[in-house]
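Trainee: Sequential numbering of the sequence shown, starting at 131, is according to the working numbering.
These are calculated hints, taken from the structure and not from any lab test.
You may find that some hints are simply not true.
Said to hold, decoys possible - Cβ-Cβ distance ranges computed for the label pairs, FRET-style:
{"#": "1", "residue 1": "Trp-285", "residue 2": "Val-354", "range": "25 to 35 Å"}
{"#": "2", "residue 1": "Gly-279", "residue 2": "Arg-190", "range": "42 to 52 Å"}
{"#": "3", "residue 1": "Leu-143", "residue 2": "Arg-191", "range": "17 to 27 Å"}
These numbers were taken from a predicted model, which means no experiment stands behind them.
Built from N, CA and C at the ideal position, the CB exists for glycine as well.
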Amino acid sequence: MDAPTDKSAPSGLPAALGAYLIWGFLPLYLILVSSVPPFEFVGWRIIWTLPICLVIVAFRRQFPALRQAIGSMRSLAMLTLSATLIGINWLVYVWAIQEGQVYAASLGYYLNPLINVLLGTLLLGEKLSRLQWLAVAIASCAVALLLGGALTTLWISLTLALTFAFYGMVRKQLDVGSLPGLTIESAILLLPAAGIALWYAKTPVGSAFGGDLWLSLAIVLGGVVTAVPLLLFAIAARRMPYSTLGFIQYLAPTIVFLLGLTVFEQELRLVQLGSFLLIWTAIAIFVADLWSRSRRKQAPTV
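Construct all of the structure, not just a fragment, from the sequences and the given hints.
Mentor: Set out below in structure tokens:
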């Protein structure tokens with residue numbers, strides 16, 4: 131469904147571009163913290179995301195929404211599930227980038243929208259058009275190609291795509307805003323995150339945080355690059371049609387793919403290139419179908 135738009139209201143395009151540019155260039159930030167083990171970094175990322183979210187919640191006066199969500203046992207249970215899913219997603223993504231599996235990470239987020247559509251059909255009873263079924267079938271061929279030639283990295287792509295798809299599905303069932311939801315998820319994950327940070331502090335190597343000023347500041351920045359793009363995304367979702375926002379989401383994995391080719395200088399194997407070509411074909415069909423449907427909905431009736 132398209133979000134209602136007001137022609138006199140500010141455009142959501144700058145916010146959308148800001149969110150997906152930050153997500154796309156996130157691997158460059160992860161270079162700054164590459165010396166931090168993935169588990170420890172994700173722990174600190176959660177720890178620093180919470181206060182930044184609380185500051186933004188206070189600025190936007192969303193504490194009533196926060197209290198309302200906390201007061202519902204169903205909401206808390208669902209947000210615990212979504213927190214677990216996003217925690218796994220963060221950990222796998224950070225590990226993949228640090229291990230040089232940039233293409234696998236990119237492919238995961240190319241697959242994600244197509245898996246969203248498939249889950250909506252299988253679990254929510256939504257119907258797919260013929261072109262959308264064709265896009266899903268071509269994407270399945272891309273996965274099958276990786277099964278035959280890149281099995282060791284396929285789990286990264288599928289884990290990222292599936293955890294984020296199920297995360298989105300869980301959050302879709304809740305009447306909780308993006309920012310209050312992330313704040314509660316961060317609070318839920320705070321205890322295990324603090325435990326991880328404490329465990330690393332007691333190891334012979336010691337904690338990555340607090341020893342070097344610039345590395346510590348880079349770790350704190352993890353909270354900013356988590357909360358800010360989500361806030362921008364929430365603003366964009368209110369100000370522009372959701373179908374248009376869906377087209378822009380491919381900006382992030384495309385940037386990650388290009389970073390893999392250039393900055394990270396990753397070798398693009400033939401089987402990976404073939405898989406990307408299939409995915410890009412599937413996305414082209416998928417986007418063309420969405421665009422066509424959006425145009426038909428906007429066409430004036432006589």
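Trainee: Each hint needs a verdict: does it hold in this structure or not?
Mentor: Tested hints:
{"no.": "1", "hint": "Trp-285 - Val-354: 25 to 35 Å", "in the structure": "holds (30 Å)"}
{"no.": "2", "hint": "Gly-279 - Arg-190: 42 to 52 Å", "in the structure": "holds (48 Å)"}
{"no.": "3", "hint": "Leu-143 - Arg-191: 17 to 27 Å", "in the structure": "holds (25 Å)"}
When held up to the earlier numbered hints, the structure conflicts with none and fits them all.
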